[in-house]
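Protein chains in written order, with the working numbering: chain A, 13 to 369; chain B, 13 to 369; chain C, -6 to 274; chain D, -6 to 274.
Think of the hints as simulated: they come from the structure by calculation, not from any bench.
Quick reminder that beta carbons are idealized off the backbone N, C-alpha and C, glycines included.
Heads up, a few of these hints could be off.
[Said to hold, decoys possible] Pairs of lysine-lysine, DSS-like flavour, derived with a Cα cap of 25 Å: (1) B:K39 / B:K186; (2) D:K96 / D:K160; (3) A:K359 / A:K246; (4) B:K120 / B:K131; (5) A:K120 / A:K148; (6) A:K246 / B:K246; (7) A:K120 / A:K131; (8) C:K96 / C:K160; (9) B:K120 / C:K160; (10) A:K361 / A:K246; (11) D:K160 / A:K148; (12) B:K361 / B:K246; (13) A:K246 / A:K39; (14) A:K186 / B:K186; (15) B:K148 / B:K126; (16) A:K131 / A:K148; (17) C:K160 / B:K148; (18) A:K120 / D:K96; (19) B:K148 / B:K131; (20) B:K186 / A:K361; (21) B:K120 / B:K148; (22) B:K361 / A:K186; (23) B:K246 / A:K186.
[Claimed, not checked] Okay, the calculated beta carbon distance ranges per label pair: (24) A:G48 / B:E338: 41 to 49 Å; (25) D:R90 / B:T236: 51 to 59 Å; (26) B:D147 / A:T73: 56 to 64 Å; (27) B:Q283 / A:E368: 46 to 54 Å.
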Amino acid sequence: MSKDHSAFRSLRLEQVGRVFGAHNALKNLNLEIQRGEFVALLGPSGCGKSTALNCIAGLLTTSSGSIWLDDRRIDVLDAEERGFGMVFQNYALFPHMSVRQNIGFGLKMRDVPKAEIAKRVDQALATVRLESQADKLPGQLSGGQQQRVAIARAIVIEPPLVLMDEPLSNLDAKLRLEMRQEIRRIHAGLGSVTIYVTHDQDEALSLADRIVVLRDGEIRQVGTPEDLYMRPAKLDVADFMGFRNRINGRVAQQSGDQVVLDIGGVHVQGQARETITGPIAVASLRPDDLVAVAASEAGAFSALVEAIEYRGRDFFGSARLPDQTEVFFRSHHRLNAGEPVHLMADKSKLLIFNQEA
Amino acid sequence: MSKDHSAFRSLRLEQVGRVFGAHNALKNLNLEIQRGEFVALLGPSGCGKSTALNCIAGLLTTSSGSIWLDDRRIDVLDAEERGFGMVFQNYALFPHMSVRQNIGFGLKMRDVPKAEIAKRVDQALATVRLESQADKLPGQLSGGQQQRVAIARAIVIEPPLVLMDEPLSNLDAKLRLEMRQEIRRIHAGLGSVTIYVTHDQDEALSLADRIVVLRDGEIRQVGTPEDLYMRPAKLDVADFMGFRNRINGRVAQQSGDQVVLDIGGVHVQGQARETITGPIAVASLRPDDLVAVAASEAGAFSALVEAIEYRGRDFFGSARLPDQTEVFFRSHHRLNAGEPVHLMADKSKLLIFNQEA
Amino acid sequence: MNQLHILGRRLWIFSVWSLVTFFIVNLLAMIATVITSSTATRWLRSWLPDAYTFKWYLSAWSEFQLDDVLVTTFQVVFAVVALSGLFGVPAAYAMARRDFPGKNIAMLLFLLPMLVPPVTFGIPLATVLYQTGLGGTMAGVILANLVPTVPFVILVMIPFIEQIDPKIESAARVFGASTFQLFWRILLPLLLPGMLAALLLVLVRTIAMFELTFLTSGPTSQTLVVALYYAVFAAGVRAVQSIDAMAVIYMAITVIWLIIALRFVNPAQIVTRAKQQPSAH
Amino acid sequence: MNQLHILGRRLWIFSVWSLVTFFIVNLLAMIATVITSSTATRWLRSWLPDAYTFKWYLSAWSEFQLDDVLVTTFQVVFAVVALSGLFGVPAAYAMARRDFPGKNIAMLLFLLPMLVPPVTFGIPLATVLYQTGLGGTMAGVILANLVPTVPFVILVMIPFIEQIDPKIESAARVFGASTFQLFWRILLPLLLPGMLAALLLVLVRTIAMFELTFLTSGPTSQTLVVALYYAVFAAGVRAVQSIDAMAVIYMAITVIWLIIALRFVNPAQIVTRAKQQPSAH
């Protein structure tokens, strides 16, 4: 049933769409993934990332477009004929089978000889470090161990593509960090494509070679983690990546991609991430990069502190500019609500976008 | 039934204990809380923090000890006779009553006249900014709104004590930040005591005037947020507060609370948080304060990188010292697994503890 | 895709569904048949009778002394409903809220009278009742009927009680409610739909409970269902239509109560349990 | 604390519990009585008989022609069990996994034959069966019994099917299982406990189903429960002990099957639904 796809070069999604009733869950998705890449599909819930993954896996049929593994069209195949590996959010282990049987299931379905199954299952168990749990049932394992079994089940068939659907969201914070390293290591060892769906930007930043940001079923940006963290291409992507401050200002000066905004009399410079079309633009900035400074420094905003919180290393707070815009900032010392504060933006981190329609 | 306790000065727990079967959930708890204080009970699950709160509320009987409001002993009273306000983790609103009826419930039980109930409920609705939702049922509100109703229900009776049992753990990250500010604001307005149970150190640090760290039913440390973040008193408290690095070293020199440890030939200085008794002590440090530096700086550890992760602002990684101790560090540039690295500890942040028994 | 696979799957689904539909259609058709028969003057040549009449209802009414039987039926049924509620709901509350050794065994014992056919314990029960002098009296009939209905109320109420978050009760306490106020203002309003459903189902079960009533009733404590059985058994001396008429009366009474019961509860809830959490997120 | 409150609460809890206990003790005592009676030689002067005998079992056996009756009973029961499983389980799967308009109405229709007393549809059903020539035959008895058992299987199986995470089926597909392998290697093993439980309960219900069998059976299709009723009804001509003996045989058969059924399923699960998630965290 399954041929050897290990020599494939790329996976291509061409104009893939999916409609649920009147809802367009996925709109004309185009994406090409090269062998060896680790790609994260990132976006808030309902953005279409899981729909895309299920279409690739064959668990959902596509409404339009096509999916290709090199020159073989795969969106017309049943899920069981595609030969991919998949790791599910809630593990989805077979509860009545031992760890060994779970991992060997895919090989058994492919009619691999018993001796070979035993050998490859042993290898997979070693890869996920679960040799000692081989004969237990999934219900006897901890969450992290179950997730490792699910990963072993996916990689033992040496699939051209490993699909992961928020595999870490059911684990606690500490285990999540450990498993992230494990997943990276396993991906490097396999040399195949991993497509990883998540709503957690930290996870996407730390794991992926390339991140695809989705929203409302459309691709908003594709780029490396550094691209997305430092240079989001759209205002909504910036928002999602933690640029919590959005300050409107009048465009005062523009040269190349450097734009100076006049925000209530204060001139701030930043990098335009798109061609600024209107007279008013938006300055987008992380709270970390808007710092409380001593009074009367040039280029600092005046604001009134609304709330302040101790977060250990620093204080974080919210304040209102004279035009009532709420801003979020960082401070090295405690401030009190109601107090005036001067906030300085780090111009190398400040991005300028057009206002949203 | 309820008298006016608003003039109380302090709440005292004296040797309070609680036993479940053979399990000592709470051991000889002593604590005095002054009027106006915001106290957080912080600890991992099973540490006894919820048991303590339920004993104060009267939902659990104490096995030993006594609880006093000034000179009135309250641990002998039924929950309904204590007159406290409480906010539950899952809101615990009365599903068959409107928002207005939910908030007015406590007043009705106190036989407050109808006109007065209406007036005070209106005030409470204004405090939590839910005037427009007054006649809806709880099921028609969002999670954040339900939590605000639960808070209004607790404060409308103007209780001497407001008890909060992980009130924000069911909300998403963004709403949690907003509600934190709201809770602080409401506490300041009431002027009573708030006791806040949480397992989230960020929440405790940002909200409380004083934090009580519990573990295995015992108090490990009581202090301000700054105390706990900068100067944890015990190794396990440091662990819980994010001092993820624990490196054993030989005590080389000791003067006052400054101790120099010899860790595989590298000498590092730190502040001892307890009297160091053995020849071997533990250096405890946050990953943020162990930074990758250019080679051959004095006092830097040599290690081999095991894994590295991009987290936006910086890279975080794990490495092994020559003695195989795993350490977690921060780096300003990308490193590769297997590469050697030099790690410099910030001596002003490094704490020294005795080894655990 | 594999066209054969899909065809096979669809055929199987289609055949199961058509069988199930056939089933339900037949059920409805049969009920229609009796109603037709009970109102027919004669009925030989065709599927539908020549003319309709209600005289069989009148003859059934007088022949079976239906006024006496109906009064007895309602007295028995309401006593059973009231007593099952009074014992069943508090017991269900204790079962739902408390863990104690032997809880599973107690649950099993409660299920037993519902699963075991009533005749199994009906015969010994009747023997004992006759020995204590309660046999043939209304008290005896009521007592016998309580044996399956009290456990039934307990089992139906447990999921409804478990659905109520214990923290809601804690909240009521903290905010000053006494035990009575807790019951009256919180538990009763929240349990009312469940209690109505359970008790209405008890009502229908008791109307329909032939075996126990048959075994324990005397001439003055016959309920409708027992009278109907006697009629069927002694069919030779009575017109078929008269019996059909009585069956229609009986059917109408039970179905009316059942419809009332179903207005208060989604019946699937009792079997499949409410999935929704007590509070929305 | 308020001592009176607590006393009142405790008294109420105590009285409810003692009533429930009294209830169960009585139930067990009654069953003991019949067993005693059925093995007694004479029984007049005291609670316990003078001597024990099994002759009543022998006389019951021959008088009621129990070998014929038992063979018929088992033929009917196993046919009903097999057919309910064959139609009920796939229909339950479709109900559990698919959302379609009218699903709630379909659920309600399935509940109807379980909640409505069998006599309500039994009489029209019997009429129709006699008109089609199936009345009095074994096929007719089996058909009549399927009316309540197929919906019963559907309703019992739905929670078991819903407990299986659909992702597990997705996983089996992704890893290469065909429809047949999915059914054989994943669904069947996971549903087996539920199917065994449902079908064993159908078995017990069918053994106990008096009304439908009574209404549709002829002399060659009498099951045990019908024979028992005829015996009770015509009690005058037979010894009480002989009837008791037959009741014991009947009781023993049903209870044995019930115990087997309960080994496969926690009965509370059917009513209160399994709380545990399909996978442990």
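Going back to the hint list, which numbers does this structure go against? 1, 6, 18, 24, 26
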